[in-house]
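S.K.: Chain by chain, the residues:
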Amino acid sequence: MANTRQSSSAGEIGAWDMFMYRLSRWIKSPTPYLMLVGFALFFGAWFLLSEVFKVWRFASLPGPRQVLIEWFNPNPVYGMSLYTPDFYVHIWSSMRRVLYAFLISTALGVPFGLFLGWSRVFREYTFPVFEMLRPIPVLAWVPLAIVMFKGDETPVIFLTTLASFYATALNTMLGVQSIDEAYPRAAACLGASKWQIFRHIVVPGALPFIFTGLQISVGVAWFSLVAAEMVSGEYGLGYLILASYVNVQYVVIIIGMISVGIVGYASSALVRLAGDYMMQWRVRELALGGGR
Amino acid sequence: MSAVASAAVRPPVKKPGKSLFSNPLVRAVISIAVFIGFWEIASRLNWPWVGQAPAPTKVLDAWIPLLTDQGYWYSWYQSSRRVLSGFIAAMIIGIPIGLAMATSRVFNDVTFPVFEILRPVPPLAWVPAAIIFWPTQELSIGFVIFLGAIYTIMLNVIGGARSIDMRFFQAARSMGSSNWDIFRRIVLPGVLPSIVVGMEVGIGITWNVVVAAEMISGGGGAIQSSAGGGLGFFIWNSYIGGSYPLIVVGMISIGIAGYISSAIIRRLGILVTPWLRLR
Amino acid sequence: MNARNQSATKGAIRIEHVDKVYHAREGEVQAVADCSLDIRPGEICMIVGPSGCGKTTLLNAIAGFHDITGGAIYLDGEMLCGPDRPKADPGPDRVVVFQNGALFPWKTNLENVAFGPVVQGKMGQKEAAEKARGMMADAGLAGVEHNYPGEVSSGMRRRVEIVRALMNDPKVLLLDEPFRALDSLTKSVMHEALLEIYYKNKVTIFFITHDLEEAIFLGHRVAIMTTRPCRPKKILEVDIPHPRNYSVLTSPRFRELMEETVSAVHEEAVKAFEAGEKEM
Chain L
1 MANTRQSSSA GEIGAWDMFM YRLSRWIKSP TPYLMLVGFA LFFGAWFLLS
51 EVFKVWRFAS LPGPRQVLIE WFNPNPVYGM SLYTPDFYVH IWSSMRRVLY
101 AFLISTALGV PFGLFLGWSR VFREYTFPVF EMLRPIPVLA WVPLAIVMFK
151 GDETPVIFLT TLASFYATAL NTMLGVQSID EAYPRAAACL GASKWQIFRH
201 IVVPGALPFI FTGLQISVGV AWFSLVAAEM VSGEYGLGYL ILASYVNVQY
251 VVIIIGMISV GIVGYASSAL VRLAGDYMMQ WRVRELALGG GR
Chain C
1001 MSAVASAAVR PPVKKPGKSL FSNPLVRAVI SIAVFIGFWE IASRLNWPWV
1051 GQAPAPTKVL DAWIPLLTDQ GYWYSWYQSS RRVLSGFIAA MIIGIPIGLA
1101 MATSRVFNDV TFPVFEILRP VPPLAWVPAA IIFWPTQELS IGFVIFLGAI
1151 YTIMLNVIGG ARSIDMRFFQ AARSMGSSNW DIFRRIVLPG VLPSIVVGME
1201 VGIGITWNVV VAAEMISGGG GAIQSSAGGG LGFFIWNSYI GGSYPLIVVG
1251 MISIGIAGYI SSAIIRRLGI LVTPWLRLR
Chain E
2001 MNARNQSATK GAIRIEHVDK VYHAREGEVQ AVADCSLDIR PGEICMIVGP
2051 SGCGKTTLLN AIAGFHDITG GAIYLDGEML CGPDRPKADP GPDRVVVFQN
2101 GALFPWKTNL ENVAFGPVVQ GKMGQKEAAE KARGMMADAG LAGVEHNYPG
2151 EVSSGMRRRV EIVRALMNDP KVLLLDEPFR ALDSLTKSVM HEALLEIYYK
2201 NKVTIFFITH DLEEAIFLGH RVAIMTTRPC RPKKILEVDI PHPRNYSVLT
2251 SPRFRELMEE TVSAVHEEAV KAFEAGEKEM
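Chains as they are written, first to last, in my numbering: chain L, 1 to 292; chain C, 1001 to 1279; chain E, 2001 to 2280.
Below, computed lysine-lysine pairings styled on DSS-like, alpha-carbon distance capped at 30 Å:
no. : chain 1 : residue 1 : chain 2 : residue 2
1   : E       : Lys2202   : E       : Lys2107
2   : E       : Lys2187   : E       : Lys2131
3   : E       : Lys2087   : E       : Lys2202
4   : E       : Lys2187   : E       : Lys2202
5   : E       : Lys2087   : L       : Lys194
6   : E       : Lys2202   : E       : Lys2233
7   : L       : Lys194    : E       : Lys2122
8   : E       : Lys2234   : E       : Lys2087
9   : E       : Lys2010   : E       : Lys2122
10  : E       : Lys2010   : L       : Lys194
11  : E       : Lys2202   : E       : Lys2122
12  : E       : Lys2126   : E       : Lys2010
13  : E       : Lys2131   : L       : Lys194
14  : E       : Lys2234   : E       : Lys2202
15  : E       : Lys2200   : E       : Lys2010
16  : E       : Lys2126   : L       : Lys194
17  : C       : Lys1058   : L       : Lys150
18  : E       : Lys2010   : E       : Lys2131
19  : E       : Lys2233   : E       : Lys2187
20  : E       : Lys2200   : E       : Lys2107
21  : E       : Lys2107   : L       : Lys194
Source of the hints: derived by calculation from the structure; they are not laboratory data.
Make the full structure from the sequences, and use the hints.
M.R.: Pasting the structure below:
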């Protein structure tokens, strides 16, 4: 146990070495080849069914070859590819909305969740309303949001924020409730005031759950954003997907779906990285093989 | 027990006073009443944002005649039917695949990466593609609902199966179990709690998806649909028709429907996992 | 030689007719009834009883985590809790070391040890770290200051936690089965480490355990408690002189003391076991 200290301070086994070691182990295992088999099967089946044999309904779906050709085409048939500025305008509109929603919901949801978990009185007075509103699916709010917040932009951001807010607040509350009772007690013993306990125990103790919540929050933000953009709004990937359907530009639908997937995945990865950075104690503990 | 009697002789320590307001139920009623009151006032005074929503009294006025309206209940039925069929399809396909992924290394290595690249695409982004692919609108909505539920169910099955204690397998083997015995008596009950959790989360997503799918396919101008199309259609038609209180009626109805379905799943979960009840 | 004689000024706990009734699902449970116990300043007082007998309830009352429903507890003549104030305020004069350990996992060992004086506003960040480093070195903990608790062995974590408590110059150290989760070899090392720390710091120690051997080895006195409600059944003066080390365990006097008490403890354990069966 003690030797881990030396290695981390002297840097004998750096992160890079560790990465290379894991990479070489991975390459020697059957996993990457089986993964390639999986991808080959999936894309192969898609290609053969929709482009070569044109089986049944697959004939109407654009195949992977068509999608790639259009996506990397400097002069796209339907006006949407990696080379057209419009493509980036859509991506940027969606990203900006998710970013706003994420920031607002985090700024509101984390403190709200912390107080919900920390103070019983606060919880008993506010949680019932929260619980009453939560079963209403966020996407059922779409028309009401359009009625309440005029314009194109605000309703979409409101809906996305609402979805994220539930996830963030709820997980933060669970995080506070998950803190071992001994920690606040120990802090009180050592002379910490109520506020100091909040700052030194409740906040860091809930952090793992908060970040789980933030990751879920990014996920549901994209989930609801796409729907909200489909129903209302100009620009944005959700809008692009539905508009391409209406304009019978089926290849662009697939491009839009893949783009949403990539951007959505990247944003959750970013939140995960931020979480690891802020919870060094946890990363190091897990690196040793699971804490205790 | 003599100690208990003697305790009464000594001056008892004062207890902190308990008032009516320390009852959680009373607090819940107060909080909801304040919320509804605030909403009513905001709406009457026509405040920006919150005040633009129709007042609770108007919502109630609009709701009461609907309770005897057949079309309204038919919307309930339509949405529930869609949720149920998509959800059951997701379980029938998701649970076996999840179990296969958890138990077979090779199968997992082949399928999991594909599953992982498909997962970040939100279910609703599939709506147009589903409409193109499936011959009927009903099937395409069902497919999107299926997508909404299957990821959660699969991930929970995989996680549940992997978290089963190794010693259970060893113990079963040492008592002479066959592979089939182990699967039936260890793996299946072992993943049951996770399946229940996956179902609970999944049904919530499903209600989200059904509303949006109904709104998009009915309201997005894509397919002209007749009446009786489910609660999502109900909300969307109310919006198009300008009867805003009905939007809220639809929202609350979906909330109730979603709540009831999660409650049923929770009950079922307790029923099929009696060994967890003690906790 | 006798540590108790050198500094017998502070840290006297007087437990007077304490009652504690709490409300559980099965109804009212009398956890502690008419419990009186005098703990002398500077002594190691061991509280022995079966699991769930109510001894932790007593500790929680002294520490200020729970209220009491009758009686009073005094520290050096000052009332901690009693008729007019059912719950004591937790404070750095009575620091608890918890059963499963309560080092804050998100703070390094050094930050953990320095926590007390910093939050009390007694010392600045730097000064506290300086003192913490010195105390950790004294306790043989040099080198793990900048590790997180999760990175060091469980025995080491316990030592860090005890040092964290001592940083505050407490009058009393309340130990709630602190070595329960350790294996018996680590435990024996920890016993000697604790005694060493005690000889240097001379603080009253209120030590809860269910291990009779541990109790007799460490304590000046051993209080054997009845099970539910909790109350002293027998108080044993351990007349083996301090400082002690592990050779004591094989001494004839140790054996005698064990024999004298083992049946009393066993009786309570059987009672607790049967009561537990009924509750389940």
